[in-house]
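Residue strings, one per chain:
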Amino acid sequence: MFARLLLALVLAASAWPATAAGPLEVTTRILVERRVAARDGTTQIRTVPATRAVPGDRLTVVLAYRNTGARPIDNLVLANPVPRQIAYRGPAEGSPLPELSVDGRQFGALESLRVALASAGSRAAGPDDVTAVRWRLNGPVAAGASGTLSFRGVLK
Amino acid sequence: MLTKESQRLLLSGVAVAATIGTAQAQSTTGTAAGTSISNTATASFTVNGAAQTASSNTATFVVDRKVNLTVAKLQAGNTQVNLSQTGAAAAFSVTNNTNAPQDFLLAAAQALSVGILPASDNYDLTNLHVYVDANGNNTYDPGVDVATFIDELAPDASKTVFIVGDVPSTASANLAYVGLNVTVGAGGTVNSQGAALVATVGADRDNQVDIVFADNDSEGDGDLLGDAARNGQSWAYAGFEVAVRSLNLTVNKTATVVTDGVSTLNPKALPGATVQYCLTVNNATLTTPATNVSLTDVIPANTTYVPGSITVGGIGAGGVCLVGGVPIADDGSTTGLYTGSFNATTKTVTATIPLLIGGGSVAASFRVTLN
Numbered sequence: 001m002f003a004r005l006l007l008a009l010v011l012a013a014s015a016w017p018a019t020a021a022g023p024l025e026v027t028t029r030i031l032v033e034r035r036v037a038a039r040d041g042t043t044q045i046r047t048v049p050a051t052r053a054v055p056g057d058r059l060t061v062v063l064a065y066r067n068t069g070a071r072p073i074d075n076l077v078l079a080n081p082v083p084r085q086i087a088y089r090g091p092a093e094g095s096p097l098p099e100l101s102v103d104g105r106q107f108g109a110l111e112s113l114r115v116a117l118a119s120a121g122s123r124a125a126g127p128d129d130v131t132a133v134r135w136r137l138n139g140p141v142a143a144g145a146s147g148t149l150s151f152r153g154v155l156k
Numbered sequence: 001m002l003t004k005e006s007q008r009l010l011l012s013g014v015a016v017a018a019t020i021g022t023a024q025a026q027s028t029t030g031t032a033a034g035t036s037i038s039n040t041a042t043a044s045f046t047v048n049g050a051a052q053t054a055s056s057n058t059a060t061f062v063v064d065r066k067v068n069l070t071v072a073k074l075q076a077g078n079t080q081v082n083l084s085q086t087g088a089a090a091a092f093s094v095t096n097n098t099n100a101p102q103d104f105l106l107a108a109a110q111a112l113s114v115g116i117l118p119a120s121d122n123y124d125l126t127n128l129h130v131y132v133d134a135n136g137n138n139t140y141d142p143g144v145d146v147a148t149f150i151d152e153l154a155p156d157a158s159k160t161v162f163i164v165g166d167v168p169s170t171a172s173a174n175l176a177y178v179g180l181n182v183t184v185g186a187g188g189t190v191n192s193q194g195a196a197l198v199a200t201v202g203a204d205r206d207n208q209v210d211i212v213f214a215d216n217d218s219e220g221d222g223d224l225l226g227d228a229a230r231n232g233q234s235w236a237y238a239g240f241e242v243a244v245r246s247l248n249l250t251v252n253k254t255a256t257v258v259t260d261g262v263s264t265l266n267p268k269a270l271p272g273a274t275v276q277y278c279l280t281v282n283n284a285t286l287t288t289p290a291t292n293v294s295l296t297d298v299i300p301a302n303t304t305y306v307p308g309s310i311t312v313g314g315i316g317a318g319g320v321c322l323v324g325g326v327p328i329a330d331d332g333s334t335t336g337l338y339t340g341s342f343n344a345t346t347k348t349v350t351a352t353i354p355l356l357i358g359g360g361s362v363a364a365s366f367r368v369t370l371n
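Keeping their order, the protein sequence lines are chains A and B.
Residue 92 in the working numbering is what sits at position 92 of the first sequence, and the numbering runs on without skipping anything.
Residue 123 in the working numbering is what sits at position 123 of the second sequence, and the numbering runs on without skipping anything.
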């Protein structure tokens with residue numbers, strides 16, 4: 001019991017290290033697509049929190065940010081390493097296009113990325129090769145302003 | 001444009017967060033059930049020109065159990081059987097497509113829906129069993145293949161199972177159609193048959209591995225007959241067809257005077273002479289063995305049976321016994337490959353040959369004295 005409490009404290013401390021001090025609050029959620037039969041006979045796709053998820057399910061990773069400080073935030077960059085069990089599939093509907101990376105160092109559009117081969121040379125990168133995404137916001141985030149960014153993936 | 005400082009911080013943040021992913025072996029069934037998947041984002045920004053960083057919370061979920069399996073008949077066409085054959089087998093493969101090791105429960109059924117059963121199905125096997133292939137040779141080995149469920153089958157792994165039964169002697173028997181029903185059971189305990197899985201219903205809970213059925217309808221008929229989709233079960237079917245109804249068996253019988261009490265070189269059929277009868281049975285159907293061949297012969301009038309003179313299993317050609325077989329007691333007490341007896345009341349000699357291979361011959365002999 002004591003160990004569990006301690007673990008919870010450690011997790012809580014590590015999960016919110018910057019928000020306590022800084023003016024930017026970032027939260028992430030993972031959603032899963034569910035096909036639901038509607039009354040009119042059509043099939044609707046709903047996204048629900050990913051509590052029940054099996055290989056092959058379509059996931060959406062959502063980042064929400066908010067400027068909780070009094071001054072505007074400039075040069076905001078949000079980066080999200082793609083969990084290795086999730087295959088990147090593209091930006092979610094309504095979300096700006098992220099920059100992608102296959103190595104965690106070099107970011108750019110998917111067409112510009114190449115994957116080094118074990119033998120000499122390299123090949124063009126595909127969605128499955130993406131290991132990290134990031135968004136660079138153009139304008140400043142005013143005090144109290146917020147937004148969401150998200151990308152889609154498939155559970156491997 | 002990023003400042004050098006914030007770029008450096010951003011990159012270090014990526015490097016730290018990238019270690020969160022759980023190291024798990026991947027397979028074609030996907031991420032193993034129970035794997036925890038976490039996501040954390042990092043942010044870098046400037047406030048009044050001062051660089052700062054922030055991390056998000058960590059969103060986590062547990063991968064649930066996606067239950068799926070494939071059951072297929074291994075052999076092409078029907079199993080060819082003979083009337084009265086015991087231990088006839090049909091082979092099936094069972095593949096675990098679940099993202100976790102599972103047990104598989106096996107059952108055989110002959111009461112199948114009309115529509116699955118072919119119209120020519122007209123008999124049932126008796127003594128029906130399902131056994132798992134123990135040594136992976138895809139051939140049913142009686143006494144070796146004895147397990148009745150598949151224990152702890154790994155994701156993507158397959159096992160061969162057999163439906164085994166006895167064919168009745170009914171002359172009209174033509175085709176028996178059987179179904180193999182495989183149900184996914186709980187894994188985790190070696191050498192113990194897990195209970196059939198039940199899909200998790202109700203509210204999603206994320207502190208446990210939910211069970212989600214993802215199997216197809218085996219017959220592909222929209223759940224109409226037999227199997228249904230998403231039930232954690234699968235079916236496959238096979239027929240046991242009576243292929244050979246009659247064998248070309250022939251018996252050749254000869255009599256040889258062994259002694260007449262007068263001449264040893266050229267004995268004649270005089271009163272008191274001893275005569276050996278030789279019966280040679282031949283199976284001319286090369287592809288099919290004959291089982292339980294029974295020879296009976298009533299000794300001729302005016303002869304007396306020589307006690308203890310029956311032999312079975314000798315080698316004969318053209319009706320002549322060349323090599324003697326195994327001596328058989330008159331009272332039928334001999335046990336072993338060959339059996340036989342002499343009934344003094346009916347004066348009948350009986351010899352039984354349990355297996356006569358295609359193209360094979362076996363001889364039996366007995367002796368009488370002339371009165």
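Wrong hints could be hidden among the right ones.
[As the list claims (entries may be wrong)] Each pair of labels, with its calculated beta carbon distance range:
| # | chain 1 | residue 1 | chain 2 | residue 2 | range |
| --- | --- | --- | --- | --- | --- |
| 1 | B | A50 | A | E93 | 33 to 41 angstroms |
| 2 | A | V115 | B | S36 | 51 to 59 angstroms |
| 3 | B | N138 | A | V115 | 22 to 30 angstroms |
| 4 | A | R39 | B | A196 | 29 to 37 angstroms |
| 5 | A | P96 | B | V201 | 49 to 57 angstroms |
| 6 | A | G41 | B | S36 | 48 to 56 angstroms |
| 7 | B | G143 | A | G121 | 53 to 61 angstroms |
| 8 | A | A120 | B | L224 | 55 to 63 angstroms |
| 9 | A | A64 | B | N231 | 34 to 42 angstroms |
| 10 | B | T139 | A | G121 | 42 to 50 angstroms |
| 11 | A | Q44 | B | G222 | 39 to 47 angstroms |
[Claimed, not checked] Looking from chain A toward chain B, a few residues come up when the C-beta cut is under 10 angstroms (computed):
| # | residue |
| --- | --- |
| 12 | Q85 |
| 13 | I86 |
| 14 | L113 |
| 15 | L117 |
| 16 | G126 |
| 17 | G144 |
| 18 | A145 |
| 19 | S146 |
[Stated by the list, open to error] From the derived model, a few chain A residues whose C-beta atoms are all more than 12 angstroms from chain B:
| # | residue |
| --- | --- |
| 20 | P23 |
| 21 | T27 |
| 22 | A37 |
| 23 | G41 |
| 24 | R52 |
| 25 | R89 |
| 26 | G90 |
| 27 | P91 |
| 28 | P96 |
| 29 | L110 |
| 30 | E111 |
| 31 | P127 |
| 32 | D129 |
| 33 | V141 |
If you're looking for bench data, these hints aren't it; they were derived computationally from the structure.
Each residue gets a CB set at the ideal place from its N, CA and C atoms; glycine is no exception.
Quiz prompt | Beyond 12 angstroms from every chain B Cβ - status for A:R52 | solution = The claim breaks: A:R52 does not keep its Cβ more than 12 angstroms from every Cβ of chain B (closest is about 4 angstroms).
Quiz item: Can the suggested window of 53 to 61 angstroms be confirmed for the beta-carbon pair B:G143 and A:G121?
Solution: Distance hint for B:G143, A:G121 holds at roughly 58 angstroms.
Practice problem: Hold the hint about A:A145 up to the distance rule: shortest CB distance to chain B must be less than 10 angstroms. | Solution: Given a least distance of 13 angstroms, the restraint on A:A145 is violated.
Self-check item: Claimed clearance of chain B by A:G90, with the beta carbon kept past 12 angstroms
Solution: holds (17 angstroms)
Exercise. Just double-check A:E111 for me: nearest Cβ-Cβ distance to chain B has to come out over 12 angstroms.
Key: holds (22 angstroms)
Practice problem: Please verify that hint: A:G126, Cβ, nearest Cβ of chain B, below 10 angstroms or not. | Solution: Violated, because the Cβ-Cβ distance from A:G126 to chain B comes to roughly 16 angstroms (cut-off 10 angstroms).
Self-check item: Status of the given 51 to 59 angstroms range, CB of B:S36 versus CB of A:V115
Solution: violated (27 angstroms)
Practice problem: Take a look at whether the Cβ-Cβ distance between A:P96 and B:V201 falls inside 49 to 57 angstroms. | Solution: For B:V201 against A:P96, whose Cβ atoms are near 39 angstroms apart, the range 49 to 57 angstroms is violated.
Self-check item: Verdict on A:T27 as a residue remote from chain B, using beta-carbon distances over 12 angstroms
Solution: Incorrect as stated: the minimum Cβ-Cβ distance to chain B is 5 angstroms, not above 12 angstroms.
Quiz item: A:P91: least C-beta distance to chain B exceeds 12 angstroms?
Solution: For A:P91, whose nearest Cβ neighbour in chain B is about 15 angstroms away, the distance exceeds 12 angstroms, so it holds.
Self-check item: A:A120 paired with B:L224, Cβ distance criterion 55 to 63 angstroms
Solution: The hint (55 to 63 angstroms, Cβ to Cβ) holds, given that A:A120 and B:L224 are roughly 57 angstroms apart.
Practice problem: Check the non-interface label on A:A37: least C-beta distance to chain B beyond 12 angstroms or not. | Solution: holds (14 angstroms)
In this structure, the earlier hints numbered 2, 3, 5, 6, 11, 14, 15, 16, 17, 18, 19, 20, 21, 24 and 33 are contradicted, and the remaining ones agree with it.
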